[in-house]
Structure formats: structure tokens, C-alpha cells
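Dock chains X and Y against the given chain F, drawing on the hints supplied.
Single-letter residue listing:
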Amino acid sequence: MKEVIHTPVPYIEEEEYHINMGPQHPSTHGVLRLVVTLQGEIVKKLKPHCGYIHRGIEKMCEKDTYPQIIHLTDRMDYLSAHINNHAVCLLVENALQVEVPERVKYIRTIIDELTRIQSHQLWWACYGMDLGGLTCFFYGLRDREKILDIFEQSFGSRLLHSYYAPGGLMMDIHPDFQKNVKAFIKYFRKKIKDYDRILTGNVIMQERTRGIGILTRDNAISYAVTGPSGRASGFSCDVRKHYPYACYDKVDFKEILYTEGDTLHRYFARMEEMRESMKIIEQLIDNIPAGDYSAKMKAVLKLPAGEYYQRVETARGELGVYCISDGNKTPFRMKFRSPNFSNLGVLDSISRDTKIADLVAIGASLDFVIPDIDR
Amino acid sequence: MDNESIKERVQALVPEAQLEENKQFITFVIPAEKMHDLALSLKYNEDLAFDYLFCLTGVDTVKHLVVVYHLASTKHGHSLVLKAQTTDRENPAFDTICDIWKSGEFYEREVFDMFGIRFNNHPDLRRIFLDENWKGFPFRKDYVDEVNIVEL
Amino acid sequence: MAFSIYDFTSFNQAIDKALYNALPPVWALIVEMTIIGLVFLLFYALVGLFLVYAERKVCAFMQNRVGPNRVGPYGIFQTIADFIKLLMKELITIKNSDKLLFNLAPFIVIIASFMAIAAIPFGKGLHAIDFDIGILYVIAVSSLGVVGILLAGWSSNNKYSLIGAMRSGAQIVSYELSVGLSLLTIIILAGTMQFSQIVEGQATGWFIFKGHIPAFIAFVMFLIASTAETNRGPFDLAEAESELTAGFHTEYSGIKFAFFFLAEYMNMFIVASIAATVFLGGWMPFHVGGWSGFNHIMDFIPPFIWYLGKTAFVIFLMMWFKWTFPRLRIDQLLNLEWKYLLPINLVNILVMAFIVLMGWHF
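Residue numbers (my numbering), protein chains in the order written: chain F, 47 to 421; chain X, 7 to 158; chain Y, 21 to 382.
Looking at chain F on its own, in the form it has when it is part of the complex (with noise of 0.2 Å):
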């Protein structure tokens, strides 16, 4: 193959005074790498680096058959891997056309919401870390632990659980799974106030976000910027409501919708989907059905030739997986959509003309998880 000749753009012209944030900084929250042209303290420019943890997973899926692919998207955003496992569970079976069994898809919602309110947890930690407030950061951790060991004690693990299989769920749930999950809730509907009165109430943390890095309706469209980022500035981009998945058409939950589209509506977007995920686990956890906790699935999964997309709600937004599959048991091309890649297209925009100390906290909003972005 003969190569195609491309010039490199020069991304920095001579007598600007950048900085490099990254890939090793601390509020940069792994290895993403920014360099930022400033005047004094202002932010002039920045240009987005990634690729410092790019493993090619999509290129590996080629090679791999469905059931390992989702040990893969663990490895993606992995503060919502079992949302990501989800998604190409979800893939598999709309294509084979298994039906689950009920029980499976109130486990799954269960555990999502889950997954989302402790990755909610981590950024509201490290938002509160970014922000210069470190006790915020040990208070989110510590609730976050309390999931992480509902989790360990139904399925092992902690941070990379593979805990969804096509067809259903590797094995059964803890028999204690239910009353501690309620507990963790009881628990945590007492702690969320905590957070409120460390951070939220906060005159600092107010003033130093509102009015900051203002997403328009218009721009978070056109950038693709979904999730809780994308619904603060209004947004309306929930997959759960859009089209409904597992048992999010039986609940009752609501969209937390704001229209000013600035760090500190993103903050409140965040806050108040924990709120309404522990709603949906409330209305689930009571209710589980008993049954078989998988679908009877044929040994080797070959999907049917032709073309799938997926879709989610992960805790960052919508994460899309984009299969060809040409028959075989390995797919032809799978592509995954991640939330954080397209959140990352608009930092340069919104972040323009602010103070570098403000950069820190736009991203900071946005939540991102680099791995997912290079995955």
C-alpha cells in the first residue's frame, strides 16, 4: 500500500506561551495531555492530545468472539463498565432476538443505576478535588466503597466486573444483594446532605462555577456532547427515556433537565441524577422476580450478517456500539461511540477566554475517563 502523504498542521505557533497540561497532571485525571495557549492567566487555545492509553480495542474486537469482547468494554470507561457490558449484551440479543428473562433486566437496571451513582461518587469526589476542596474527595470515596463491596460480594470484583453475559448474567446475585442494597440507600439518602452542605452550599464553589464554560443548546448538539453535560445545557439526551432499555420503560423516574448549560448546572445535573437513580432502584429493588438468571444461549454466538447499532446510557453519556457483523462468530467491524471522545470535541470551545484555574473545573464537569476516550 502505498502511503498517504499528509502535512502535519503546526498545532503551536512560535511566541505563544502555552503550557502542557498532561498526560501527567493531577486534575487532568490520567493520562490526557492539553496543551494551553495562555495570555497570563487566560486561556487562549487549547488542543486536546489523546492517545497515551490507546489500546485499540475496537481492532481487537475483530478478532475476538461477542463473550470476550465484553471483558473489553470493561476496560473502557470503567467507571461504568457494567453499563458498557451492558450495551453489547444488548447488542448480541436484539440480534439473535434472545428475549431475557425479567428477572435479568431488573438486575441489570438495578446494578446500572448502581454503576451510575458510583460514578457519580468519584466525580463528585474529584470535582471537589479539582475545586481545591480535598475533604469532598475522601467523602465520596467512602461512599463509593459501600457500592463497590455490594458489588465484590455479588461478583467478585470491583472495579472490572464482566458480571453481564449475552443472554442473561454470569451467575445469580448474593442472596443478601437486596437488603444491601436498601441499606446502602437508607444510607446514602442520609449522606447525600453531607455533600450538599461540603460543596453545593458552598459561596466559593458557586461563584467560581456559575457563569463558567457555557455550553448553548445549539453547541451541545452539534458537538454531540450527551449525558448530564449535555443535559444541563438542555439537552434532552437520556437513552433511558429516549429508548427505553431493560426496565426503564416501568419506572418512573425524570429527566433532569437545565437550560444555562454553565459548570455549575452540569455540577447540579450530576447531583440530582443520583437522586433519581436511587428513585429507580427504590422502585426496582423490592420487585425483583424470580426466575432463571440467563437465557438458554447456544455455545458459539454468530451474530446474523448485517448491521446493529446500540445504544446506552452510560454515566457520561450515550454509549453507542456500532457492530457488521458478516456472519462469522467474530465481528466484521465494531465501533464504539464513546460519550467521552465526543465531550472532549467541545472542551476547546467552552473553555476559551476563561482563567486557567477555570479550565481545571470545566473539565473537571465534564467527567472525563481518558481510557474511554482512546479506548
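Everything labelled a hint here was simulated from the structure, so no lab data went into it. Every residue, glycine too, gets a C-beta built ideally from N, C-alpha and C. A few of these clues could be false.
The list that follows gives simulated cross-link-like pairs (lysine-lysine, DSSO-like), each with its CA atoms no further than 27 Å apart [unchecked claim]:
no., chain 1, residue 1, chain 2, residue 2
1, F, 237, Y, 37
2, X, 69, F, 348
3, F, 348, X, 29
A short list of chain Y residues far from chain F (calculated; beta carbon distances all over 10 Å) [to be verified]:
no., residue
4, 70
5, 85
6, 104
7, 149
8, 230
9, 236
10, 257
11, 265
12, 318
13, 319
14, 333
What follows is chains X and Y alone, placed relative to chain F:
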């Protein structure tokens, strides 16, 4: 707007467009050079209003290099998939759509990085994940890397 | 007075006399200075070690943690272990840095904090120098540290350091005003700038109670402004670790970093001592008018304990809001000073002057 009228509208805008049957979304295969004009009318026509490009994928079907655009309208709630393809593997070039949907800027850089498809008029077409000095385009089916990719 | 049992004046004078009798005056002076220097060096190291430990324990307490608990009982030797670690670390020389200024900066910072401690009275007769312009001297000397911070930021040849240093410069120049003005309020009330006389003036009641509301406002102002001056949270913009990694001391390692670290804690100790001395009566015991029995018991607690207790209280306040507040932004920081603290302070001085003029204070 229902699916039938979307099909009619797209066919009216691009007569060469081929409808693919039995798909999850309405899917059209269109010639690459028509994509930009079609995109403009898809976004700015009031009754179509495809303002949300939520996925842009490069595919190497061995015969073709394809770029798949997943579009949706947040106003009307309908979706559409467009496939622009080319047989030119040496120097494939499409028109960029990142002036219409801004999310395209990063998506197109990814496709350029992995498939070597160039996008004309793109403001900042560089490799996004791989090193600037990387040789070849790994997501093409004819890409060989004996060191890093283990064949099973 | 009852607390004269803890008076160190005669003790000091006896030593002084004995030295001058035994040695020629020049040598006597040198020996005295050496003794004082050694005492302060020891005190400095002890306070530094204790404050680092205290900060870690207080911060752990705020954050639902245990804090250091491995080295020694309750982890009390943790700071010593850390200090040994810092001593043994390699001193990294930065390429293309201004070597002289780079090495000089930590010393300027630490000398500035060392000088300020000389004027602070720890008990009756327990101070190195009793200037008649003690407060002015302390304000002047403690703000010298910013020179070191600016040099450190500039000579590191690192952009984060430079931004941190510039922030620190803007911050200290602004907040120096509020520190000065809030102390000026008390100087008006006390009628002197000499520390010993300020403390004596509080024998009948601490200035924070004596001076009505203006004195209390001045105390709050001083607390805010001095926290900002020592670069501590929520005003730690110069080293804001989530923005500038470590600000002005990003490139420092080993003992040079330890100097910055120690100087930060000593500065905190110094401003807390000033607050304790000027507003809370220094080493003066707590007295309530008319309760002679109670006052008598209070007098038996040594002044040094009183002084340290009050200082510890102020330090705890400063740690408390460091660990609960998020950090300010640079423009908000300057707004707070120039638009709020400075006008309030100016009005406060007027009110205080009026009160003193009319003799309304206690």
C-alpha cells in the same frame, strides 16, 4: 416526518442514492462527492432538521472504504444512516462535514488516523490516537503488523 | 501581680549580667546571640515537626481518616521519618535554571520566617528583642518571604512555577494591606506598637473583648488576610496542586523542598502567634472581672502555655477552613481584597478611632 417521506426527500436530493433494505435505521449509500451538499440540506431544512451527528464510523469492506454517518434529529426524533464510499484506496478523500456538525471534527480525525481517509477542508487533520510518525492505517483490513498484532 | 511567679525578666537579666562580668562585651554579645540562635533553631524545628503532624491529624479528622498511625504511638514520629526521607533525597539540579537564584530562594523564604519569630513574646520577659516598633517589624519581615517565592518561581524555568510565583506576588502585595490595616486598628486601641506593652495592655481584658465590634471585625480580617499571606487554603493559589501541580516549588526536591514546606508552617505559626498576641492577649491569662478565685487559678497556668494554647487555637481555625473550603480563583481573590476587605478595614479603623476618641472602650 415518517420514514417513507424521509426516503423520498433523500432520494429527491440525491437521485443516485441507493436505499439499503432491512436495516435498523433508514440507510442510504451515496456517492462521496454528494455528501457535503446533502448534509447541508439535511441539517438546515426545517422538516428534516438532522442536527445531531451521533456516530461517524470508518469501515473497510475490502472493496470499498466507507464512512458511515449516523444522524438524528433532536426536533423530530427521526434517524438516518448515510454511507459514503470510495474505491480509491491510494488517496481517498471526502469532503469534511465538521462545518455542519462540529462533533465531526474529532470523529473525522479518528477515521483519518485509522483508515487514512482524508477530509478536505478539515481545520486540523492530524492523527489523533497514534503517533505522528506511525506508518500505515491499522484499521484497514490489509494492514499487517507482525510485531504488535498476534495472529491466532 | 500574681503572674509574676512566671516572670523571666530577672532570670534573663541575671544571665546577661553574669556573661558581661565574665567576658569582654563583644564576646558576651556573641555568646548571647548564639544561645538565642540555638534556642530558636531548636524551637523552630520542634514547632515545624509538631505542626506538620498536627495538620495531618486535623486533616485526617476532618476527612474521616485516621491519619499517620504507623511510626511510633499514634504516628507521632511520622514527621521525623518524613524529614529523614527528605534529607536523604537527591537534590535535582534543573537544566537551564538560574542556579544561584534557584538555590538562594528557599533560604530567603526560611530566613524571612526565622526573622519574624524574634520579636514575638512567648511569656513575660521571654522574647529575643522587644522592639518599640515590634508589629511594624514583624509585618515587614514576614512579607519578605514573597521575594523568595518569586525567585523560586522565576529561576525554576518552569511555566507552572512562574504562574504560581506571579499569583503569589499579586496575592501577597494585596493582602499585606489588610494585614497591616487590621493590626493598625488594634494599634489605635493599644496606643503602642511594642509587643510587650500590647500584651501588658490586655491584663484587664483581651483586645478582642475590649475593642467592641471593630476589634472583632479586625480579628476576622486579620485571620483571612494572614491566611492569604501565608499561601494557605483556601488561598493557596500559588501552589494550587490541581491547577499548577505544585506551583512555585514544582522543581524543588529534597531538603530545599523541605525548607519551603517548613517555612509555610512556620509562617502559619507566626501569624497565629501575632493573632494570639494582638487580639487574644498573648501570654496573658484569661480573666473575668470580679471572679478573683477564678482569676487566681488562671494565673497559675504558665504564660507559655497560655500563649501556645491561643496560638494552637488560631492554627486550628486556619486548618479548619483550609480543609473544608474549595480554592478561590485569582480574580475572586483580588476582588475580595480590593473590593471588600480593604474598604471594610478602612471604615473599621475610623470606627475604632472614634471609639478610642470618645473613650467608649473598656
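- For residue 104 of chain Y, which was marked as not at the interface, is the minimum beta-carbon distance to chain F over 10 Å? Consistent with the label, residue 104 of chain Y stays out of reach of chain F, its closest Cβ about 26 Å off (over 10 Å).
- Verdict on residue 70 of chain Y as a residue remote from chain F, using beta-carbon distances over 10 Å: Consistent with the label, residue 70 of chain Y stays out of reach of chain F, its closest Cβ about 21 Å off (over 10 Å).
- Measuring Cβ to Cβ, find out whether residue 230 of chain Y lies farther than 10 Å from everything in chain F. holds, 31 Å
- Test the statement that residue 85 of chain Y is away from the interface with chain F: the closest C-beta pair must be farther apart than 10 Å. violated, 6 Å
- Item | Given pair status - residue 29 of chain X, residue 348 of chain F, alpha carbons within 27 Å | Judged against 27 Å, a Cα distance of about 18 Å means the pair holds.
- Item | Distance rule for residue 236 of chain Y, whose beta carbon must clear each one in chain F by more than 10 Å | holds, 21 Å
- Message: For residue 237 of chain F and residue 37 of chain Y, compute the direct alpha-carbon distance and say whether it is at most 27 Å.
- Response: violated, 65 Å
- Message: Using Cβ atoms and 10 Å as the threshold, tell me whether residue 318 of chain Y really stays out of contact range of chain F.
- Response: Fine: 36 Å to the nearest Cβ keeps residue 318 of chain Y off the interface.
- Report holds if the minimum CB distance from residue 257 of chain Y to chain F is greater than 10 Å, and violated otherwise. violated, 8 Å
- Beyond 10 Å from chain F, beta-carbon-wise, is residue 149 of chain Y? holds, 38 Å
- Query: Against chain F, does residue 333 of chain Y keep a CB gap of more than 10 Å to every residue?
  - Reply: holds, 21 Å
- Does the claim that residue 265 of chain Y lies outside the interface with chain F hold up, using a Cβ gap greater than 10 Å? violated, 6 Å
The earlier numbered hints that this structure contradicts are 1, 5, 10 and 11.
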